[in-house]
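Sequence order for the protein chains is A and B.
Going letter by letter, the first sequence gives residues 1 to 157 in our numbering.
Going letter by letter, the second sequence gives residues 1001 to 1763 in our numbering.
If you're looking for bench data, these hints aren't it; they were derived computationally from the structure.
All C-beta atoms, glycine included, are put in the ideal place defined by N, C-alpha and C.
Where hints are given, some of them may not hold.
Stated by the list, open to error - Distance condition first, Cα-Cα at most 30 Å in a straight line; then the derived DSS-like pairs of lysine-lysine:
hint	chain 1	residue 1	chain 2	residue 2
1	B	1063	A	90
2	B	1063	A	3
3	A	90	B	1002
4	A	90	B	1007
5	A	16	B	1063
What the hints assert, rightly or not - Partial list, derived from the structure: chain B residues whose beta carbon lies under 10 Å from chain A:
hint	residue
6	1011
7	1015
8	1022
9	1131
10	1133
11	1282
12	1646
13	1746
14	1747
To be verified - Residues from chain B shown here face chain A by an in silico Cβ test under 8 Å; the list is partial:
hint	residue
15	1024
16	1153
17	1197
18	1406
19	1481
For reference, the chains in residue letters:
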Amino acid sequence: MQKIWSGTINGKKIEKSIEQSMTLLHFLRDELSLLGTKVGCESGDCGACAVIIDKKLFNSCITPAFAVAGCEITTIEGLSENGQLHPIQKALLDTGSFQCGYCMPGMCMALKCAMDAAEHNLTEEEIREAISGNLCRCGSYSLVVEAISLLQEVKKS
Amino acid sequence: MKRYISKNQKRSDALSKVTGEATYTHDIVVPGMLFAKVLRSPHAHARIRKLDVSKAAALPGVKAVATWENTPRKLFNSTGMMAFLYPGAKPAMDEYIFDQMVRHVGDEVAAVAATSEEIAAEAIRLIEVEYEPLPALLDPLDALEEDAILIHGDIQDNNIASGTHTIRQGDFEKGWAECDVTYEARVKLPIQKQAQLETHAAVAEYRNGELTVWSPTQSVHGTKYILAHIFDMSAGNIRVMNPPYVGGAFGVRVGFGGKAEGIVSCLSMLSGYPVKLVLTREEDFTVSDTRHSGYVDIKLGAKADGRFHAFGMNAYLNTGAYGTHGIEVAACLGNMATSTYRVPNIFFEGASIYTNIVPAGAFRGFGNPQAVFAVETAVDALAKKLDIDPVELRLKNRIRVNDEWPLSYPCSSTALDECIKQAAAKIGWSEKRGRAGQGRFRRGVGLGAGTHFCGYDELAHVSLELETDGSLSVFTGNSEIGTGHITSLQQITAESFGCEIEQVNIKYGDTRGTPYDVGCHSTRSVFAIGNAISMAAGELKEQVLQYAAGAMGCSAEALSIESGRVRGGPEEMDLGQLARDGHIHKTHFSAEGKSKEAVTVTPWEAHAAEVEVDTLTGMVKVLKVVAAHDVGVAINPQLVEGQIEGGVVIGIGYATREEMSINEKGEVYNSSYHTYMLPTFADTPEIEPVIVESYEPRGPYGAKGVGECGLVPTAAAIAAAVEDATGVRFLEIPLTPQRVLDGLQAACVTCQAEKEGGTIDVE
Ligand code: FES
Ligand code: FES
């Protein structure tokens, strides 16, 4: 059964008729061609599909699209503004903190969510905590921490 | 002074990867494409008596159903190495895309292409199959029994995939009898899964007799060859491409991945539409290649002064239902086991053995982690018996340049001594070793060392072309699987040719327009493709300088290419202008690079680990790993460090938690990220990569490879550290809390009984 989904995605109002049972992940990828959100497990275990919904982090593969209708959703495509990379992206880019890159969109969203929520610079522990739900088989974990620590130092100085 | 070598050049793929614009196979959309689903065997071993697809085919939206009855009956091997085994070895040609026999739970029975994934899934449920279940074998030792059932009885009369690999040097029996101290043990190794984040997937479009396939394969040309073989097509009518990015590979994609490429090609041919197949995570776990599990028996003996004198090994690897890389992994295991230390008398025999479980194939390390785990267990045991420090014993026996060894290539460089020394020093060996003390939490340090091979230089072939704007295009059939080596290759190109790095474009991951290359694996890409590029760039430079000299009326010797311009003559010339001018005058600047001889070189590594063992729960916490690697000259140190760290994380998983469990029905028990324990952030300790530079005379700018090496000795180092902490040497990994607890309890009991207080081997 189709139904009209409406809400805000990356700052744009979206109205679209989709299957009622569709997950947010498939809505984003298959209906809106927002392919930056990745698929790793479709069971909520890897964080590759993470997006920000009303300032909170969600794994879109286990989130029904209609459960978040009317919400404000940010995906990796909405992270950079006016063609400018978000500082998180810039830090990861500068340090080359990844390999295959498949986990990166989810990682970026998790980091953004944690950094936006914190009123202070994240400690190393908090950075680790922020991406504790993101699997990276290429093992880039410590590089990501390094990148974000560096970024924060830059912000401080 | 080198401009681009040993520099941390930024990855060329960085921008697209942080913005989410990087395209992977999962993201490929071809207009009008159908979606595929696969029906898989619920039995470990069965014959299909009846297969009725009529209801599935009649479902609206279904465009094709593929089974063994309407797809090619041509045996193949699913690795890109199908045609390229070393002399004397034959690949196991033992698979069909679909067969009437199913040989493991998850084996392909049929596949459907439909207008949506849901319809395809519904159609799969409508297929009626009648199976005749057959007895199944799960353990390789059972499969070797004389009365064992045959898993590929139609093609051979035993259960060994593509033969046995044997190595002999000196006289093992005589040498063994001459040893003053000896140690022997059997180690048992688990099934580890690559578990790359992007599951296997493929898209195929068959149109006008031409087949185009998008795939995350590590070997586009290898995959093309397999497809040409199966479908009896002219290879020139097949194009295989990476999109270009690959969401992790680690060896699991050297050729077909879970047969996805073959399945979509069949369905596209049958339906006339493009077809996409994306495996679920569960399918990825249960049908694609894993690391070989199995048993390794080791015997190591030494003279009283600590010199190793005899080495014997038998490896019984479980290759599951299909042979894929069977013989090669057994051979690599043997070669790596016998090339780290000097031993005059060697015997090795190893084979990959068929059973009815998920197939094993290539996984980063390729038999080497298994080899090193066994060898280093024995080295530590001899150190104890000889009362020599394990670090000292390793330094004493390590291979030196041009030593006699059983391999077909020489040891042309090694800084293993430095690797061992630095790893030991940085973990705090002299302060920490042997200081576990008593109490619930005990700490220990351990060390493991090894080598790897970096080769298939002879299978590299590149072409270079000077474009009309003066930029340089490099065409290679290699793939980028996340390692970042395309950036290192850009550095090598710019350095060799003399242009700016921004002027270098490397085109890869597509069979169209690139010469044959065997792919991104075997720790070979920087080394082999780098060598080919250096050669071609040198030749191209020669062409350009000769032409410029003619144009300016000066001698070519006076000229050089610097920062993308020809300098040294009466005037400076722009490369673009030269290229355009050349075209008008029938001179096209292009060159090919291909190796003239087969060259294999040896990277080296030593890892030292510090652990804390909770003797009440059996929990092993890895506190730190120092990973010292001899990679020759590191073309891009930052990328090399990333490779090392990433490898260590997988090595820690191998040592402490990763293990696919198969139940008595042959089913994979843990086929999800929820149940298969990948190391997460919380499990990743401090990792200190150490690049021990040496110079490899046969590598580009002195470089060797690093890719696979990062995980080779990690498990051995961790097991050694656990022994240092607890006195118990575990002969089976992973060191899960339950296994460790059982071992500690057994050891305690045994200790008291024997009142010897020595090391107890726990199986
Ligand atoms: S794909 Fe959503 S958590 Fe893995
Ligand atoms: S970079 Fe490959 S999974 Fe994280």
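Taking the hints in turn, this is what the structure says about them:
1. About 46 Å separates the Cα atoms of residue 1063 of chain B and residue 90 of chain A, which puts this hinted pair outside 30 Å; it is violated.
2. Our distance criterion of 30 Å between C-alpha atoms is met by residue 1063 of chain B and residue 3 of chain A, whose separation comes to about 28 Å.
3. Between residue 90 of chain A and residue 1002 of chain B the CA atoms are separated by roughly 28 Å; this keeps the pair inside 30 Å, and the hint holds.
4. Note on residue 90 of chain A and residue 1007 of chain B: the hinted pairing holds, with a Cα-Cα distance of about 20 Å set against a maximum of 30 Å.
5. Between the alpha carbons of residue 16 of chain A and residue 1063 of chain B the distance comes to roughly 28 Å, so the proposed pair stays at or under 30 Å and holds.
6. Against a cut-off of 10 Å between C-beta atoms, the interface hint on residue 1011 of chain B holds, since the closest Cβ of chain A lies about 5 Å away.
7. The closest approach between the C-beta of residue 1015 of chain B and any C-beta of chain A is roughly 6 Å, which is under the 10 Å cut-off, so the hint is satisfied.
8. The restraint placing residue 1022 of chain B at the interface with chain A holds, with a minimum CB-CB distance near 5 Å, inside the 10 Å limit.
9. Hint on residue 1131 of chain B is violated. Least Cβ distance to chain A is approximately 28 Å, over the 10 Å limit.
10. The criterion of a C-beta within 10 Å of any C-beta in chain A is not met by residue 1133 of chain B, whose closest approach is roughly 30 Å, and the hint is violated.
11. Here the hint on residue 1282 of chain B is kept, as its CB sits about 9 Å from the closest CB of chain A, short of 10 Å.
12. Checking residue 1646 of chain B against chain A by beta carbon gives a least distance of about 3 Å; that is within 10 Å, so the hint holds.
13. A distance limit of 10 Å between C-beta atoms decides the matter here; for residue 1746 of chain B the minimum to chain A is near 33 Å, and the interface restraint is violated.
14. Hint status for residue 1747 of chain B relative to chain A: violated, with the closest Cβ pair at about 32 Å, above 10 Å.
15. Contact between residue 1024 of chain B and chain A, as hinted, is supported at the beta carbon level, the nearest pair being about 7 Å apart and thus within 8 Å.
16. Hint on residue 1153 of chain B is violated. Least Cβ distance to chain A is approximately 37 Å, over the 8 Å limit.
17. Restraint check, residue 1197 of chain B versus chain A: the minimum CB separation of about 4 Å is within 8 Å; hint holds.
18. For residue 1406 of chain B, the interface hint is violated, since its Cβ never comes within 8 Å of a Cβ in chain A; the closest pair sits about 33 Å apart.
19. Taking 8 Å as the C-beta contact cut-off toward chain A, the hint placing residue 1481 of chain B at the interface holds, the least distance being around 7 Å.
Of the numbered hints stated above, those contradicted by the structure are hints 1, 9, 10, 13, 14, 16, 18, listed in ascending order.
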